[in-house]
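Make one complex out of these two single chains by using the hints.
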Amino acid sequence: MSALPLSSLFRIILEKKSTLRFLVGTIGSLSFSIAVILATIGLMDGFEISLKKALSHSNGDIKFRAKDGFFLPDEKLTNVLQSDFILNYSTILQIETFAIGAQESKGVLLRGIEPESFGNITGIKTESLKNGILIGKQFQKKYKLAVGDSLVLAFASGKKQDQGSAHLQEFIIDGVVEHGIYEKDFRFMYIEKQKLIDLLAYREATSNFGIIKIKNFENINDSIEKLKYELGDKFRFDPYWSEFEVLLEAVEIEKISISIVLQLIVVVAILNVVGFIIFLSETKAQDFFMLRALGLSIKSFQKFWFILLGMIWAIACLFSKVLLYLFSEVILELPFIKIPGDIYVLSNLQLILDPFDYLYVFGISLGWILLIGFLTMRKLKKNTLLGGLRREFS
Amino acid sequence: MFIDVQNLEKSYGNTRVLRNLSFGVEKSKELVIVGSSGSGKSTLLYVLGALEKADKGKVIIDGVDISQLDDEQLARFRNEFIGFVFQFHFLLPSMNCLDNILLPAKIGGHKLQPVKRRVLEFAKILKVEHCLKKYPFEISGGEQQRINIIRAISLNPKLILCDEPTGNLDSKNTQTVVELLRGLSEKTNSTLLLVTHDVGVAESFSHKITIEDGQIIS
Numbered sequence: 029m030s031a032l033p034l035s036s037l038f039r040i041i042l043e044k045k046s047t048l049r050f051l052v053g054t055i056g057s058l059s060f061s062i063a064v065i066l067a068t069i070g071l072m073d074g075f076e077i078s079l080k081k082a083l084s085h086s087n088g089d090i091k092f093r094a095k096d097g098f099f100l101p102d103e104k105l106t107n108v109l110q111s112d113f114i115l116n117y118s119t120i121l122q123i124e125t126f127a128i129g130a131q132e133s134k135g136v137l138l139r140g141i142e143p144e145s146f147g148n149i150t151g152i153k154t155e156s157l158k159n160g161i162l163i164g165k166q167f168q169k170k171y172k173l174a175v176g177d178s179l180v181l182a183f184a185s186g187k188k189q190d191q192g193s194a195h196l197q198e199f200i201i202d203g204v205v206e207h208g209i210y211e212k213d214f215r216f217m218y219i220e221k222q223k224l225i226d227l228l229a230y231r232e233a234t235s236n237f238g239i240i241k242i243k244n245f246e247n248i249n250d251s252i253e254k255l256k257y258e259l260g261d262k263f264r265f266d267p268y269w270s271e272f273e274v275l276l277e278a279v280e281i282e283k284i285s286i287s288i289v290l291q292l293i294v295v296v297a298i299l300n301v302v303g304f305i306i307f308l309s310e311t312k313a314q315d316f317f318m319l320r321a322l323g324l325s326i327k328s329f330q331k332f333w334f335i336l337l338g339m340i341w342a343i344a345c346l347f348s349k350v351l352l353y354l355f356s357e358v359i360l361e362l363p364f365i366k367i368p369g370d371i372y373v374l375s376n377l378q379l380i381l382d383p384f385d386y387l388y389v390f391g392i393s394l395g396w397i398l399l400i401g402f403l404t405m406r407k408l409k410k411n412t413l414l415g416g417l418r419r420e421f422s
Numbered sequence: 086m087f088i089d090v091q092n093l094e095k096s097y098g099n100t101r102v103l104r105n106l107s108f109g110v111e112k113s114k115e116l117v118i119v120g121s122s123g124s125g126k127s128t129l130l131y132v133l134g135a136l137e138k139a140d141k142g143k144v145i146i147d148g149v150d151i152s153q154l155d156d157e158q159l160a161r162f163r164n165e166f167i168g169f170v171f172q173f174h175f176l177l178p179s180m181n182c183l184d185n186i187l188l189p190a191k192i193g194g195h196k197l198q199p200v201k202r203r204v205l206e207f208a209k210i211l212k213v214e215h216c217l218k219k220y221p222f223e224i225s226g227g228e229q230q231r232i233n234i235i236r237a238i239s240l241n242p243k244l245i246l247c248d249e250p251t252g253n254l255d256s257k258n259t260q261t262v263v264e265l266l267r268g269l270s271e272k273t274n275s276t277l278l279l280v281t282h283d284v285g286v287a288e289s290f291s292h293k294i295t296i297e298d299g300q301i302i303s
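Just so you know, the sequences run in chain order A and S.
As numbered in our numbering, residues 29 to 422 make up the first sequence, in order.
As numbered in our numbering, residues 86 to 303 make up the second sequence, in order.
The following block holds chain S by itself, in its conformation from the complex (with noise of 0.2 Å):
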């Protein structure tokens, strides 16, 4: 299994959010997380982002025990091994989408030429070169969303997770962006999982888990 996921559990104060979850995911297949509002479908996806700990069971991604790494060590497995699509697009203000996009590379001290190349072939498949020297602000909704496709595969991770990345688009643009994903982990290999609310989205994957009240329904 490349994700394996054993008797997981995580409340936040009294209210228990994730219970006793377990579940395995093959090597670059994909899968999506359904459940409704509140559910912890979006938690879990932070848990195996690690984003968040969890405070019970195990979770094993490619043979790493992640919840016995610490801060230091779980900052280099997000970076390296993981990317992640924010329902939001969190793109920092500051800079132009380029250096937005290439963030991960320099914060994990990685040569910035290879990362610039696939990013600029990255950018002309979802037809957003155009954006790279604009600021986020100059451009709209979709492109945002791109953009921030495009840093979380920038350096090939092994594991795309995407937390509502459709959340905010409308059907024209959901459809594309969902087949975008599913084609670019297709190309670099990564296995992909998907958290979403939209059944339509839900439909078009072949392996699916629905949870409610933190638990495995389906």
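Bound-form chain A, shown alone (with noise of 0.2 Å):
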């Protein structure tokens, strides 16, 4: 019973050009609000989780140093870096340092390391490093500098001989790393450990800096305890995002400000919805009482009306997922409006959206919609069909 087809009340409805083209813009602009909120979201998300896995990729899980600067890995700090909870660790020899070049100095941070431990943390390649130094490539892009070119380090002069004057050092660049921090990839250097101990003329084993991979990522916090409980004396544990904790908090905020801001753009898209729907209502009162009087019943135009809505809304929302992707292309890939690296802190900017994301956007204008057609269905079945049929066809 009541089984006009869809179609034929979609032809109905919609059977105008002004109407198809109403319903048309109003799909546009809708799509475009949830496409620039999602947008929006995702660079931030975008920011944080790049960032998060950057500072992962070049700390491990868990960076330590030592309380008084440099420390000896001595029994304990061994027996507790070889605990069951830890997967690989490795210690670091870090300077400052300026590099040479022929117009310019530019203050670096030369690390020491074991390459194979590290790479094996972090996961930055070191394989290439022999008796030279790993540079990175935002680095070796502004000096634009190759693999087998020198470079001029000047480390400042603490023991011995070279009291009060800069010591030099030229060495041969063996490879280019990349960190996904834009700051790293440009101030960060590479060198093998014990050769930086025999240059600086450092005690055997000597570091400063530390890195730990856990078996259970999960447990990142938990483990800092552990570390701290065990060593906390000496050594300052810290997770790997920690460097960045202040702007990756202010990230978390303004993403929630913004969100909330940008409910006005879904809300001035709703109006465009609200327009459409007083259009239909106002021109198409006459064919509702007209199908009413004929046997359809109120459910099954209901069943019409949200069907209706749901489907403007299901297609602003495919149509939004499209607009992203554009976004992202224009925003991200085309080199003239491409955002510059060096105003961030990282390389490159990605656009990532979780499903809670989609669902907080779409949930809400699927929200807004269902209300606006709840409201117009129920001010159409206040009207007695008698009414209605007197006043849309006097």
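Worth flagging that the hints you see were computed from the coordinates, not collected in a lab.
We put the CB at the ideal spot given by N, CA and C, even for glycine.
Treat the hints with caution; some may be incorrect.
Claimed, not checked - Partial chain S-side listing against chain A, Cβ under 10 Å, derived:
no.: 1; residue: LEU159
no.: 2; residue: LEU176
no.: 3; residue: MET180
no.: 4; residue: ILE192
no.: 5; residue: GLY193
Structure below.
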């Protein structure tokens, strides 16, 4: 009963070109608004996720340093770092130096590493490190250097005969590495740890930094607590993201506030939907009452009404996905409007959205549409059939 | 009784439109309801046609108390039981005349072929075959009204209700439409109820009730 095919109802309701044009405009504006919100959230999520990934890539899971500056891996430290919950660790000797170029010099952080253990923990490709150094990609780009070129580093003389003057040392560039973070790609350089110790004439195995990979990444905070309990008086342990903790917190807060502010855009788009619904209810009320008089039940019309609104929403959501793809291509890929990496901490920005983001934005827009659809339906139902027929056909 | 109206009351706000109305109509008979403008005759017809609910009283049609039906059941009742001829043709401009006529069949989920055959037969009788593929705005007022009548009887309803079906027609077309309605109701063995304020039309019916201020006066 009351089986007027939906296609016939759609034909009756959307017969005029002006109605169709209005519908296309409504879907367009709704999908654009959804896409703008998703793109904004996606950029912020992308920033947070990429930053954390990149930090993990260069710091392992946990980093540590001695409270007194330098340390020697004694028995106690070695025993603790060989605990069950730790997968691997690597100690580092890092110092500030200057890279000397033809026109200018640049302050860099030279990290003396044990290539194998460091590479295993971070994923930074250290295989090419022989007797020279590894430089970051941004540094290489900026100074137009290539593998095999030489680079002079100036060390502050703190020992023996070089007191009071810089000690210059030329290195061959063995390779170029990427951290995924612009600042690190510009400032970090790597050298074999023993070579740096020899160069600085430090004691054997001297270190001032360490990185740890734990077995269960989810237990990072528990692992830090354990390490603090065992070695807390001498060392400071931090999760890999700690150096950007404030920035990450700011992004999180910004994400919430922006997504609230951006609801205004959805409201504007929803106003278009409201306009379309009012337009339909005004221009198609005649058809509605006529069909009811001929035997179409309210229930059937209600079903059609919510299918129509659901379709508007679904098409808008799908189209917003297409727009999102275009946004990401245009904003992140096209070279002439690509966001300059040096403005951001990350070398590259990405648009990352998780299912919750889609659920949040799509869900809110659906909620708005259903609310308006429900109110319109209530208004139509309030009118008696006779009253409606008389008013609409008078 | 095919139609049994008992103590029917209907008000709009403080205005009592129908006052304790009771009457009956035998199956396959015809009845004309006359009265001046605002007497309540159209409201009575709409209540009988399940387009409006009464405040009090009962309307029993072919044994079914329609005042007890819910919206879904009323919709089904309107579709299967009643053919309504409105004063204004109420044809949807987005569809051609045939599609307009077939709307009740489509709404009711009926098989279209038998209905189409019947519609073609009626269209021949009413001389509007040439209008079936046309849109309502492409045909004359008289033709629109005849299409309206075919739509009303397309599902062979047991009850044909007509609200001032000749209100917008000239005298020649009025005569034709009344004769057609009467002929079609005889042919389909249905009961015909017609509301009019046209004395000439009312005179041609064998059974008549007159309503004034919501009450039957004769």
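Evaluated hints:
With a least beta-carbon distance of about 8 Å to chain A, the hint placing S:LEU159 at the interface is held under the 10 Å criterion. Proximity of S:LEU176 to chain A holds as hinted, the smallest CB-CB distance being about 9 Å (cut-off 10 Å). Checking S:MET180 against chain A: minimum C-beta separation of about 7 Å stays under 10 Å; hint holds. Look at S:ILE192: its Cβ gets to within about 4 Å of chain A, closer than 10 Å, so that hint holds up.
A hinted interface residue such as S:GLY193 counts as satisfied when its beta carbon comes closer than 10 Å to some beta carbon of chain A; here the least separation is about 6 Å, so the hint holds.
Hint violations for this structure: none, all hints satisfied.
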